[in-house]
Amino acid sequence: MADTRNTSSGRSKKTGVRLDTPGRKTRLLPPLRIDGDEFGRFAEMFARFMGTAQFLFWMSVFIAVWIGWNIIGPAEFQFDEYPFIFLTLMLSLQASYAAPLILLAQNRQEARDRIAIETDRKVAAQSRADMEFLARELASARMNLGEMATREFIRSELKELAEEMRQQAESELREKIEAEIRAEQEPRPDRT
Numbered sequence: 001m002a003d004t005r006n007t008s009s010g011r012s013k014k015t016g017v018r019l020d021t022p023g024r025k026t027r028l029l030p031p032l033r034i035d036g037d038e039f040g041r042f043a044e045m046f047a048r049f050m051g052t053a054q055f056l057f058w059m060s061v062f063i064a065v066w067i068g069w070n071i072i073g074p075a076e077f078q079f080d081e082y083p084f085i086f087l088t089l090m091l092s093l094q095a096s097y098a099a100p101l102i103l104l105a106q107n108r109q110e111a112r113d114r115i116a117i118e119t120d121r122k123v124a125a126q127s128r129a130d131m132e133f134l135a136r137e138l139a140s141a142r143m144n145l146g147e148m149a150t151r152e153f154i155r156s157e158l159k160e161l162a163e164e165m166r167q168q169a170e171s172e173l174r175e176k177i178e179a180e181i182r183a184e185q186e187p188r189p190d191r192t
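So the sequence shown is residues 1 to 192, counted in the working numbering.
No lab work stands behind these hints: they were computed from the structure. Where hints are given, some of them may not hold.
Derived CB-CB ranges, DEER-like [claimed, not checked]:
| # | residue 1 | residue 2 | range |
| --- | --- | --- | --- |
| 1 | Pro22 | Ala75 | 52 to 62 Å |
| 2 | Ala125 | Phe42 | 30 to 40 Å |
| 3 | Glu164 | Ser127 | 48 to 58 Å |
| 4 | Pro83 | Ala124 | 50 to 60 Å |
| 5 | Leu56 | Arg128 | 38 to 48 Å |
| 6 | Leu32 | Glu118 | 31 to 41 Å |
| 7 | Ala99 | Ala125 | 35 to 45 Å |
| 8 | Asp130 | Lys159 | 36 to 46 Å |
| 9 | Gln54 | Ile85 | 25 to 35 Å |
| 10 | Thr26 | Ala75 | 44 to 54 Å |
Note that this is a predicted model, so its numbers are computed, not measured. Every residue gets a Cβ at the ideal spot worked out from N, C-alpha and C, and that includes glycine.
Let's have the full structure, built from the sequences with the hints guiding it.
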């Protein structure tokens, strides 16, 4: 005879099934598989249409025809008498489906907006980093440009250098002329 006592793991030795978990439920219908994206697109389309003047116009026409038919139509074909209970039921049913569909569309739009905001935030951060880099580079270029010799500075330096060279040339020429004059004035020894 097989031992059917529980073990420390909670499994029955005989069947190997865990005794601490609920049993499997059998379904009469197969599980409903709904594509979330497809249903979300439908909800957005529905919410977009409900937010148009066209929807409001056709809904008003529908209600007016309903009320008109049930007030002045042939008595044997009137299906919803004066307090229009069936019309109220239809409008309540439409509202009960519209509200969750509109909320679903808003949630999807919020998710898209969140992604767009995050993308914008990343682009703004990158732009800010690029601008800071360019500002640093521009400041560096200005500092380097400030250290570079300007045209006026170079002109003044060249003028000073030219003046020094002119004075030095005059000084050398004067010394040479004076040396020649002295050489001519000195008595020459006769070579006879």
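* Numbers of the earlier hints that this structure fails to satisfy, in rising order -> Violated hints: none; all satisfied.
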